[in-house]
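Chains A and B supply the protein sequences, listed in that same order.
Sequential numbering of the first sequence, starting at 1, is according to this note's numbering.
Sequential numbering of the second sequence, starting at 1, is according to this note's numbering.
No lab work stands behind these hints: they were computed from the structure.
Fair warning: there could be bad hints in the mix.
Any copy will do: because identical chains look the same in the list, a pair fits if it lies in one copy or spans two.
Keeping only pairs whose Cα atoms sit at most 27 angstroms apart, straight-line, the calculated DSS-like set for lysine-lysine is [as the list claims (entries may be wrong)]:
#1 Lys139 <-> Lys20
#2 Lys503 <-> Lys443
#3 Lys148 <-> Lys179
#4 Lys537 <-> Lys418
#5 Lys117 <-> Lys79
Please read all numbers here as calculations on a predicted model, not as lab measurements.
Number of protein chains: 2
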Amino acid sequence: MNRKPSNPLNNLPEWKKLKKHAGTINRKENHLKYLISGKGRMEKFSLKGAGIFYDFSRQRVNAKTMELLFKLAENRGLKKQFKSMTEGEKVNNTENRAALHTASRSFSADPLFVNGKDIMPDMISVRKKIKEFAFKIHKGEIRGTTGKVFEHVVVIGIGGSYLGPEFVAAALKHLAIKKIKMHFLSNVDIHNFGEIAASIDPESTIWIVISKSYTTSETAANTNQAYEFMKQKELDPAKHFVTVTSKGSPGDDPSNPVVASFHMFDFIGGRYSVTSAVGGVPLSLYLGYDVFERFLKGAEEMDIHTKEAPPECNLPLVAALLSVWNNNFLHYPAQAVIPYASPLSKLAPHIQQLNMESNGKSVTKEGDALDVSAGTIIFGEPGTNAQHSFFQLAHQGRPFPVDFIGVIKPSYEKYGFKSKGVTNHQELWANLIAQPAALACGKDDTNGAKRFEGNRPSSTILLNDLSPENIGRLLSLYEAKTVYEAFIWGINPFDQFGVELGKSLASGVRKKMAEKNNNPEYSFEDADPITKFYLEKLF
Amino acid sequence: MNRKPSNPLNNLPEWKKLKKHAGTINRKENHLKYLISGKGRMEKFSLKGAGIFYDFSRQRVNAKTMELLFKLAENRGLKKQFKSMTEGEKVNNTENRAALHTASRSFSADPLFVNGKDIMPDMISVRKKIKEFAFKIHKGEIRGTTGKVFEHVVVIGIGGSYLGPEFVAAALKHLAIKKIKMHFLSNVDIHNFGEIAASIDPESTIWIVISKSYTTSETAANTNQAYEFMKQKELDPAKHFVTVTSKGSPGDDPSNPVVASFHMFDFIGGRYSVTSAVGGVPLSLYLGYDVFERFLKGAEEMDIHTKEAPPECNLPLVAALLSVWNNNFLHYPAQAVIPYASPLSKLAPHIQQLNMESNGKSVTKEGDALDVSAGTIIFGEPGTNAQHSFFQLAHQGRPFPVDFIGVIKPSYEKYGFKSKGVTNHQELWANLIAQPAALACGKDDTNGAKRFEGNRPSSTILLNDLSPENIGRLLSLYEAKTVYEAFIWGINPFDQFGVELGKSLASGVRKKMAEKNNNPEYSFEDADPITKFYLEKLF
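Using the sequences and the hints given, assemble the complete structure.
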């Protein structure tokens, strides 16, 4: 059993006041359609910072709500906690580590000490090594076994070693180096491997294996499969594999030579690692290092905003407060992320991991039972696709808050043919403007089937365009929002012990399978009946 | 205001008993770890039908739960309602239409009457026309303007005209005709168009426009953009466009000639239409008509099972009862769909639409307020990817039921290299076996951060392989589950009035944009302040 919390959130005066205040907001007269018609609503309930516009005028809040939320922020020492994090304090207390993803995109000249050692020289040297490496690959100074230049980049990695790079690669595809094709081999499912094997030219393929420990089962199995595949084609793996891993891991072992090896650090968690070598190596090969560096600079800009802007003007902090408000006081269990931009189609899967793995916890960072629900179910698809898919439920079924994301300038200016008097991009925007309004205001009707209750909250985030800087800013915004939520709840957003039990059970099952592969006489008698049933189905 | 329900679910004796019984299941001694250790648990709580195995032994139910749920099924006349649906009764009462997606894959020789007319000849002739058309395209008997054979198929459609075909195309990619490349142009976002325009050879491209009314704004805008694009390349649209639409719609107008036009019918809703010409035309071009017909036959087989199997042996019916049990009695607001097969990566987005658009309702089919929550938030990613993404929350945070889906035989047998003594496919299965067990049983630990509460429910669905028949069966299983849920709640799963308000507001915004495009002096003064703000951002 968990220990009882020593300092329950429900006992905080700020929390109690917010609970009571939620009763007021739930009253009919505080329906969103009334709240948003307040004078200067838009000006009072929106922010601009680090180049991003954040409109929360369609959240179910009034001035009093925000006042109470900012008091909660003060009580929980949010800005101080964030500062400690960026200064190298061991905020990942359960694993006794710092959490310094912000350092991976810092261009500051100041030193930053972890365990008495300045880590900034390492950060800078990894970036420099990536830059030089990408240059050599693109110039054809590093080539494969048969002398062909590299044109296919296959990233072997899962979870944090996959979702972040995939999100950024999709978002910035319009800037990709023409001849380079990018593939992601994440799932241990052999279909994933088979499809990639069928679509690459092995001689011009470079494989990037990303794994901090270099022991992740899925990544190891895929790497072995890829090694074998290359050897069968009489290609030398040492000339086709790159590793991104911890110093001294099996992937950083000179007896197993590779084209190059880049270091990861224990103070940057997987789901926060896309600005480190995890994103740096594949994205620099796909987009060029300069584009990657612009992406880093955007993220750094939002980090600085997050650290320096006062709470009332602080985008990620306000977003986190609203998330907790929706979660714990208005009791929405889920949150949709709907970018009105197809290149951001991988944003929701990335945020899903970032947020759900960080904050899907039931204990405080001290290991006590948490007395409120933390974590939110995050899901999403691009708009307008989502409108034609699950928005029926958003409008007339179980309500959930939505983050709408809009991009002012599209990357394809040349297709400007107009339908119904507007361009496709304007049509997209007509929907982006209409949906939050429809969700907020609803519409009465004597026919129940055509009645819209409204009062469904949303935020709207605007990017000027899909520049690398803006993608970096957006990433950092969601990362900081996630850790601010955790700081409010008092949980550790940097560990993930919840994934361990499944791994350990899978390891037991794998052993039985390996036994059976070795010895067809082996029987599964000692497994529990359900496991036995499935093992027999497979063999 | 909605009318009060005339016959509230909460007043049903069966509903009341289930509510009381949920209290018993919530007791400590009915934790899943105890329930699943019951003698013969697996045999008693699993089913096989139409070639699919369905294991619900890890749902939080005992014999009493199932007994009460079957009484509810009887009270709600589920099987009778399903039969009426397949016989052409106007079960879509709010739109005064039948719902006959089952007819689109029926190979029965019996007539089926709608409004006094036998519709089966239409079903059969559409299939025949698709078969002949696909044959001619593949043989090069129908070619583009410049005489090139078609190699690129671009589907223009959104929602139901997109998600189903995309799911099946991805699932059966291993059977695709080698030279054919498939593209989906769904989103009105010009990035979607721009990317496709950059990756096709226009001379060998055939565009399939799918829209029942042929007035869907997104599809119309994309079709116009594509027409313009082809004309700029001096290619004749009449030789490159195909339509799938209602008889007599603007897409079925001889004055606007196309290569071929295929009919849709008002008794098949978008999200249920993948077995009609909506899926038939693109999938037959991509996979060949024979593969498409095998897919239909699998779906038909599950339809027959659904209609004929007694409730206790009826896969979709049991799945629907469990869904309502989880939703209304155990109060889980969300449900994950996790296929341990990368080719099923588009299953979750399809089921998300199918289920959330069908059942995201707050009124009964009579238009009365529903007194319980209908609809579930559906989300998912393939396993093991999902394990490395959001499963932290599944194990240690906010619980949600999971549908695990496993495939016994992979489609790529040739890559059999072993890691840790097992093939990649076995490694995948080790995880598929381990996860439901970990979720159900949990694990105690003195360290709160490492404690797993367990008691998290899941089902496991097994397919023998990724044959077209099995994909058809799986599709029909989820379709029938969805409508059975609706029949339990007494809602209409075939209308979608919830999407109308957003459309109508978007139309107002579009008009203002068109005015401004025409007249730069036009001001947005008469718009509400928030709309005005966004319009000015864009212009």
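So, going through the hints one by one against the coordinates:
Proximity of Lys139 and Lys20 under a CA criterion of 27 angstroms is satisfied in neither setting, with 64 angstroms inside one chain copy and 71 angstroms between copies. When the C-alpha separation of Lys503 and Lys443 is checked against a cutoff of 27 angstroms, the pair qualifies only between copies, where the shortest distance is 13 angstroms, while the shortest distance within a copy is 49 angstroms. Taking identical chains as interchangeable, the C-alpha atoms of Lys148 and Lys179 lie at most 27 angstroms apart whether they share a chain (13 angstroms) or sit on different chains (26 angstroms). Taking identical chains as interchangeable, the C-alpha atoms of Lys537 and Lys418 lie at most 27 angstroms apart only when they sit on different chains, with a minimum of 19 angstroms there against 56 angstroms within one chain.
For a Cα distance limit of 27 angstroms, the shortest separation of Lys117 from Lys79 inside one copy, 25 angstroms, qualifies, whereas the shortest one across copies, 70 angstroms, does not.
Checked against the numbered hints above, the structure breaks only hint 1 and satisfies the rest.
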